[in-house]
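Protein chains in written order, with UniProt numbering: chain A, 1 to 212; chain B, 1 to 586.
Calculated directly from the structure, the hints in this document are not laboratory data. Just so you know, these numbers come straight off a predicted model, no measurement behind them. Check the hints yourself; a few may be wrong.
To be verified - Listed next, with one range per pair, are the computed distances between beta-carbon atoms:
id, chain 1, residue 1, chain 2, residue 2, range
1, B, His39, A, Lys114, 39 to 45 Å
2, A, Asp202, B, Gly293, 45 to 51 Å
3, B, Ser582, A, Lys114, 18 to 24 Å
4, A, Lys114, B, Asn214, 25 to 31 Å
5, A, Asp202, B, Lys497, 25 to 31 Å
6, A, Asp202, B, Leu153, 47 to 53 Å
7, A, Ser169, B, Ala511, 44 to 50 Å
8, A, Lys114, B, Lys50, 42 to 48 Å
9, A, Lys114, B, Tyr300, 29 to 35 Å
10, A, Asp202, B, Glu518, 49 to 55 Å
Stated by the list, open to error - Below are the DSBU-like pairs computed for lysine-lysine, each with C-alpha atoms no more than 30 Å apart in a straight line:
id, chain 1, residue 1, chain 2, residue 2
11, B, Lys323, B, Lys37
12, A, Lys119, B, Lys554
13, A, Lys114, B, Lys343
The beta-carbon is built from N, C-alpha and C at its ideal position, and this holds for glycine as well.
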Amino acid sequence: MELQLGLALPTPNMVKGFDLNNHGLDQLKEMGGLEAWNKAAGCFADKDCVKSKRSFEQAFGNFTEECRTKPLLLWSGQPNEEEDHKDQKKATFSTTDENDAEEDDQVVGWPPIKTWRNKIFQQQQQPRVGRAENNRRVAENENGRSIYVKVKMEGVAITRKIDIKLYQSYQSLTNSLITMFAKDKKCDEDDYILTYQDKEGDWLIAGDIPWQ
Amino acid sequence: MEPSELKRSKDSPNSDESTRRSSFPDEVLERVLSLLKSHRDRSSVSLVCKDWYNAERWSRTHVFIGNCYSVSPEIVARRFPKIRSVTLKGKPRFSDFNLVPENWGADIHAWLVVFAAKYPFLEELRLKRMAISDESLEFLAVSFPNFKALSLLSCDGFSTNGLAAIATHCKNLTELDIQENGIDDKGGSWLSCFPESFTSLEVLNFANLSSDINFDALERLVGRCKSMRVLKLNRSVSLEQLQRLLVNAPQLAELGTGSFSEELTFRQYVELESALSNCKNMHTLSGLWDAKGIYLPALYPVCTHLTFLNLSYAALRSDELAKLLAHCPRLKRLWVLDTVEDKGLEAVGLNCPLLEELRVFPADPFDEEIIHGVTEAGFVAVSFGCPRLHYVLYFCRQMTNAAVATIVQNCPDFTHFRLCIMNPGQPDYITNEPMDEAFGAVVKTCTKLQRLSVSGRLTDLTFEYIGRYAKNLETLSVAFAGSSDWGMQCVMGGCSKLRKLEIRDCPFGNAALLSGLEKYESMRSLWMSACNVTMNGCRLLAREMPRLNVEVMKEDGSDDSQADKVYVYRSIAGPRRDAPPSVLTL
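Turn these sequences into a full structure, and let the hints steer you where they fit.
See below:
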């Protein structure tokens with residue numbers, strides 16, 4: 001199951017690390033991610049149309065305070081942590097599922113690191129399991145049983161990964177996410193909407209389909 | 001009389017007249033010119049007059065060819081009869097990042113065949129981004145009895161079998177330098193092919209080969225090559241083995257350690273430290289794969305006279321780096337991974353006042369989750385402490401215009417400024433403005449700037465600045481930048497010394513391409529990929545400028561009218577005949 005969930009929070013502050021500014025939007029069109037985001041924007045039925053179309057920009061550009069319901073964005077990765085250490089065909093700003101091979105939207109040859117150096121990074125990652133400098137490695141223990149999904153909240157630079165299997169309902173998932181991101185951002189539960197992107201790339205509001 | 005003079009007087013029936021005309025005898029001229037090493041100086045000399053052209057061509061022993069397709073081996077051999085050393089570069093630089101198709105070309109073999117006939121006494125061959133097969137390496141090994149030095153950088157197409165041929169046959173080899181290549185590593189037995197009688201090796205670099213080598217063979221080799229000054233080991237060599245090598249080679253000037261991470265007993269650690277402290281000539285240190293912080297103090301005795309420290313394989317933390325750098329006051333060049341973070345770079349600024357070159361590589365370039373790495377703060381800290389900094393390569397995830405302005409104010413002598421903000425098109429993260437003013441500051445302040453790589457969100461204003469101020473710029477790399485043709489037009493119009501221009505994913509089209517019509521013949525090459533150039537634009541360029549090779553690489557499934565990847569270069573050899581089907585020469 002490949003899920004892409006979206007939670008976006010517009011904030012007046014600059015989003016660190018994910019500044020896909022408006023200028024970059026044109027270039028992003030090839031990347032496929034833009035379609036996904038635009039669809040997401042279109043799906044927020046109960047919001048002002050203009051604002052929801054801007055939700056992509058809200059995700060990665062300037063924000064206003066006006067939009068009251070703020071979508072949270074998630075997208076999924078595969079459970080296998082090894083796939084994080086890809087060759088350079090992976091996009092650096094992955095608004096899409098990083099393992100979705102159908103979308104040929106990855107930026108080849110960027111950042112400009114020589115191929116052999118990438119190989120060295122990949123070779124080096126294996127012995128470094130013990131170092132656990134960030135929370136990527138933790139997931140390795142639970143391979144096979146878990147379904148990992150990347151969660152991004154707008155306004156927060158860090159993307160987190162969660163195991164969806166641990167949750168029984170949308171509500172518990174949302175609650176947990178709020179708590180998780182509350183460390184980085186002051187959040188009020190009501191302000192957030194959980195959205196996700198399905199296999200076809202459509203953005204849907206979580207909750208319509210039964211949890212199972 | 002020297003054989004060269006005999007030959008020359010046979011070749012030029014007017015030699016009597018020319019000696020009367022010239023101000024001093026040709027023998028003197030040739031003697032003087034033989035002292036000239038720089039190929040640019042030699043090119044200038046050859047343009048003075050026919051006598052000087054001839055004297056220069058007879059006295060040249062090393063030829064540098066920046067683009068293997070700009071000239072043919074026959075033309076080179078005809079002009080320069082006495083070459084002993086060749087440096088050749090092949091593929092466009094973006095091939096390092098997988099932007100050039102596999103079978104693109106730049107095969108060395110045709111050159112070797114001509115060299116075998118015309119330069120049987122060839123001693124040195126240095127190749128960069130060339131395709132070289134095992135057969136070619138074998139041919140090289142047996143065709144040149146005096147062969148001494150082989151250096152392969154970013155090449156591909158060969159395996160360790162080819163290295164075995166070199167080791168087996170090249171009796172006078174002094175240098176084997178195998179760096180960063182796409183090599184098919186079939187095992188380490190090649191190293192055992194050096195005969196027991198072989199003692200001449202001075203430079204051995206196999207750091208980027210992954211498989212295990214026979215350590216006993218290596219130990220014996222190092223032991224009997226008393227003139228060895230450069231030894232760069234691969235990761236399979238352990239700390240304990242390193243110590244055994246160093247004991248027999250205290251004369252080493254450059255060392256690439258192998259894996260710096262296995263468990264050592266206290267006694268082994270002391271022995272290692274002692275072996276290192278005996279290396280009084282060591283000025284360059286690299287390797288340090290998986291270096292564990294606790295063993296780094298073994299390096300301290302060597303650090304005091306180190307001028308180049310390459311830590312780009314060692315994921316050190318800021319405190320580990322700081323402790324190490326406290327012992328490296330003479331450092332001029334430093335390469336690190338961004339695991340050292342800004343705090344590590346502060347330590348650079350505090351401890352290394354003589355620093356001239358800094359390269360910071362990203363440890364996790366493709367993982368957008370990482371928010372560590374270095375920021376503008378680290379770069380600024382270095383600039384305050386290292387006023388002599390003139391070469392920087394910096395990968396980061398955020399930057400500001402103000403920071404760059406401060407940096408170049410502190411270090412106005414930049415000759416090479418390569419800044420890579422890893423998220424394409426990212427603006428100043430504080431002001432949200434484009435990074436135009438940053439690069440504007442660079443080109444306005446750093447008048448000696450020769451090489452520039454730009455990144456971040458950039459409008460045409462950046463290129464206006466570059467065209468107006470970067471008068472010494474020779475190499476420019478651009479990605480995901482610019483607003484219109486005007487940007488590139490500014491560069492083509494303003495940068496009179498531009499030699500290499502590489503552009504990807506920018507909104508520059510035919511008008512931009514054609515604005516450089518007059519300029520391309522004075523440049524080595526132009527690369528444009530994923531821009532707005534069309535086939536018609538390329539055809540027009542090819543038609544107007546017959547001395548340029550205009551090559552288009554087509555992608556599968558793309559629009560026929562778009563020119564996906566364009567490579568333009570001057571050539572006196574005409575269009576190449578070895579292009580694969582995906583490369584169209586117009």
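Comparing the hints with the structure gives:
| no. | hint | in the structure |
| --- | --- | --- |
| 1 | B:His39 / A:Lys114: 39 to 45 Å | violated, 26 Å |
| 2 | A:Asp202 / B:Gly293: 45 to 51 Å | holds, 49 Å |
| 3 | B:Ser582 / A:Lys114: 18 to 24 Å | holds, 23 Å |
| 4 | A:Lys114 / B:Asn214: 25 to 31 Å | holds, 29 Å |
| 5 | A:Asp202 / B:Lys497: 25 to 31 Å | violated, 53 Å |
| 6 | A:Asp202 / B:Leu153: 47 to 53 Å | holds, 48 Å |
| 7 | A:Ser169 / B:Ala511: 44 to 50 Å | violated, 58 Å |
| 8 | A:Lys114 / B:Lys50: 42 to 48 Å | holds, 44 Å |
| 9 | A:Lys114 / B:Tyr300: 29 to 35 Å | holds, 31 Å |
| 10 | A:Asp202 / B:Glu518: 49 to 55 Å | holds, 52 Å |
| 11 | B:Lys323 / B:Lys37 | violated, 41 Å |
| 12 | A:Lys119 / B:Lys554 | holds, 27 Å |
| 13 | A:Lys114 / B:Lys343 | holds, 26 Å |
The structure fails hints 1, 5, 7 and 11 (numbered hints given earlier, in ascending order).
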